[in-house]
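Colleague: We have chain A already, so just place chain B on it with the hints.
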Amino acid sequence: MSNLAEKKVFSAPSCLLENSFHFCPGCHHGLVHRLAGEAIDSFGLADRAVGVIGVGCGVFLYDYLNIDCCEAPHGRAPAVATGLKRANPDSFVFTYQGDGDLAAIGTSEIIHAANRQENITVIFVNNSVYGMTGGQMAPTTLVGQKTTTSPQGRNPAGDGYPIKMAELLASLDGTAYSVRVSCHSSKHIKSARKAMERAFQTQVEKRGLAIIEILSACPTNWRMTPQQSLVRMENEMIKAFPLGIYKDY
Amino acid sequence: MYGVQNESEVDILTEKQLLKGSVALAQGAIDAGCRYYFGYPITPQNDIPEYLSAALPAAGGIFIQAESELASINMVLGAAAAGKMAMTSSSGPGISLMQEGLSYLAGSELPALVVNITRSGPGLGGIAPTQGDYLQSTRGGGHGDYHLIVLAPNSVQEMYDLAGEAFRLAFKYRNPAMILGDAILGQMKEPVILREACTPPADPEWTLSGAHQRSPRLVKSLYLKDGEMTVHNWKLDQKYQHLKAQETMVESDCPPDCSLVLIAFGSCSRIVRTAVDRSRQKGLPIGLIRPITLYPFPEETIREATIAAGRALVIEMNTGQMVDDVRLACDGCSKIFFKGYPGGQVPTPEEIETEIAEIIGKGELRN
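Heads up: the protein sequence lines correspond to chains A and B, in order. Counted from 1, the first sequence has number 201 at position 201 by this note's numbering; the numbering is strictly sequential. Counted from 1, the second sequence has number 1004 at position 4 by this note's numbering; the numbering is strictly sequential.
Residues on chain B that point at chain A, a partial pick, calculated with CB under 7 Å:
1. Ala1082
2. Leu1208
3. Ala1211
4. His1212
5. Pro1216
6. Val1219
To be clear, the hints were calculated from the coordinates, so they are not data collected in a lab. Virtual Cβ for every residue (Gly too), placed ideally from N, Cα, C.
With the rest of the complex left out, here is chain A:
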């Protein structure tokens, strides 16, 4: 082997710290962190990136990515990001939000940030439940899905329907890029990686707000094994939340 040069074909993103993730087995947050880290590396953004972290399981992102970070109150990350980016247009500002954060308490902030064409990147992790608070019904919970606050299953009459944020935001003139991807198979992760790069490129090119909605699993609160969760994502979740690019500048 000594006469063959070694070639590195795979490594962790350089901005990803070596701390062990605290996430539950089968959770996709770690994977999404990694995809964000890869995009930071690929555009060389580590020294000007500022992450704005919403309330939820993703709040500890700063323990895993070696970049400047700011916590935001629940739902308000797009407003905090607006202040950071307007005050320092040379920084690269992204938000990291869950579905309760972005699609319930923070609906107003995300819609108006998009409408103002804020030049920020929004990473939206949709696992169809409130994860950190213990599995309550989210605005994205599927019809019929049982949660700790919808014990009979989500009933659209009274509970409403899952909100499709990627489509909704694509309808706004101010949104530059809107995409929904999944990460339940290697094929889907590849597409997600490509979409993440595009969402970062949107801001680098100063095109306006980019949102990447990533379907992900929460086996703990779905009361499933990680394997069962992947099957649910393939059979149920991507039917309720169709994958695709809804807007590309």
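Modeller: Okay, now just chain B, sitting in the frame of chain A:
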């Protein structure tokens, strides 16, 4: 000064300009170096965003009309995390909506200026002058163990001056500061001497701008590890103790033989001033104390003067809020009288003179 001034409103000899309180405050913030404003319309403070929507871009700054007060205060939080002098203004219901963000600013140790040109309440209330937000302002207002730095101007000149002072304190202590005004202070015009404008300062060492040739920085208020939150709470408290010791501002005017101290803040103190002057002309030895910082509260000055006089009369445009702090400061050592004018009622000097005469006339004896 932004925009065309009516020449008749500028005194060439003294360089004084006749300005509306809200405009003076807005210009005071710009002259202190503030370049970022985020706000949502609400009466009676709209002169501030209207003025800044033109003046800030002209000064190279940013003005955003946000979708709500929730968004405004969080945009302020973002700009503050970027190390900038940022502000918002609102009134009543809008300030209530900002309380979550104010708590985060204090918990995350970020500086900002929040202006409250009050409405009477509760609820939608009214827009006439009131001081009903004293307790909300001085007790923190939002959740958790914190305080705002609270400044109470009583003239248009102070609206201008205290905007700069609020930013100085906010940055020195890394804590949000509030200017508590009302519709009188916001709307009335008085001559103002403008100071030389400062350029925005360099970004402080905690600025989030990307970890270029340094370790990453973190702005946070979440402390889950055992004991961490307690340490943080005591750290914040230490700042409030420093503020009390170093930054308390008060105007005290008590004669040596003072037999009754009047205590009032903000616009109300101007009316009380007239009543005190007239009572003195009648030979009554009356004192006047005006807290300029409502937090930290000038408890020492108030205690000493009130104990010496034996009694105090607190006048507020509410049903009795600052009077609680006066009683705490005096700790039962003196007789504390109170007269309140809530809901947009503004007292006349004559009414206050009558109150003074009644207390003295009734022969309320000194302790």
